[in-house]
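> Based on the hints, put chain F in the right spot on chain H.
The listed protein sequences derive, respectively, from chains H and F. So that you can map any letter, position 18 of the first sequence is 18 in this note's numbering, and since no number is skipped, the others follow by simple counting. So that you can map any letter, position 13 of the second sequence is 13 in this note's numbering, and since no number is skipped, the others follow by simple counting.
Calculated lysine-lysine pairs in the DSSO-like style (CA-CA distance at most 30 Å, straight line):
hint	chain 1	residue 1	chain 2	residue 2
1	H	K78	H	K24
2	F	K107	F	K73
3	F	K70	F	K3
4	F	K3	H	K78
5	H	K68	F	K3
6	H	K24	H	K68
7	F	K73	F	K3
8	H	K68	F	K107
9	F	K16	F	K73
10	F	K70	F	K107
11	H	K78	F	K107
12	H	K24	F	K107
13	F	K3	F	K107
14	F	K107	F	K16
15	F	K16	F	K70
Hints listed in this document are in silico derivations from the structure and should not be mistaken for laboratory results.
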Amino acid sequence: DAGVIQSPRHEVTEMGQEVTLRCKPISGHDYLFWYRQTMMRGLELLIYFNNNVPIDDSGMPEDRFSAKMPNASFSTLKIQPSEPRDSAVYFCASSLDRGAVETQYFGPGTRLLVL
Amino acid sequence: AQKITQTQPGMFVQEKEAVTLDCTYDTSDQSYGLFWYKQPSSGEMIFLIYQGSYDEQNATEGRYSLNFQKARKSANLVISASQLGDSAMYFCAMTHTGANSKLTFGKGITLSVRP
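Here chain H stands alone, though its shape is the one from the complex (with noise of 0.2 Å):
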């Protein structure tokens, strides 16, 4: 079976620019979460969804970011403007959802780079 996967795998882009980050999930899972890697503050989850839906967002750091999952196989991570400080690693990782502790499996991740 696939694992998680996302796109780009790298994105350089300009401060201002919209920038837009890509995630399929495994399939079957019922969990998606996007998190973040910087060298200053570690891993850090910005958002999470269960079924489709938003279930807490309280790391987004900003207005900037929105994340939507239209579907049970695509979720997209936006920024809009980009600044130079969300040049991060962005890791999107999938789980089970069967009422218990369950692995999240993560994908390749999208290394950004804001100019």
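Below, chain F alone, put in the same frame as chain H:
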């Protein structure tokens, strides 16, 4: 609130020897899960091992085992017979069941395996 502490700044181990990576956690919940992930220099997050809070046996997965001491709130990762490919960053993380299922990560430990 959940908290994961990984205080070892960096670890070195000789090839074929065993190494223990420390992790302590803090939570007031009774049901939770503990995870270890590996992040090689290529950047992906690879799931290694999982321990449930109610599991009586320590988890094992091949050369990886988790030394779970619930009363001490520690979940140390033991890697036996280290290989050069084990050189990576290792993250301890925890999550809970259901609506609070986001992962909380430690800051990670760098492991270097010497030939």
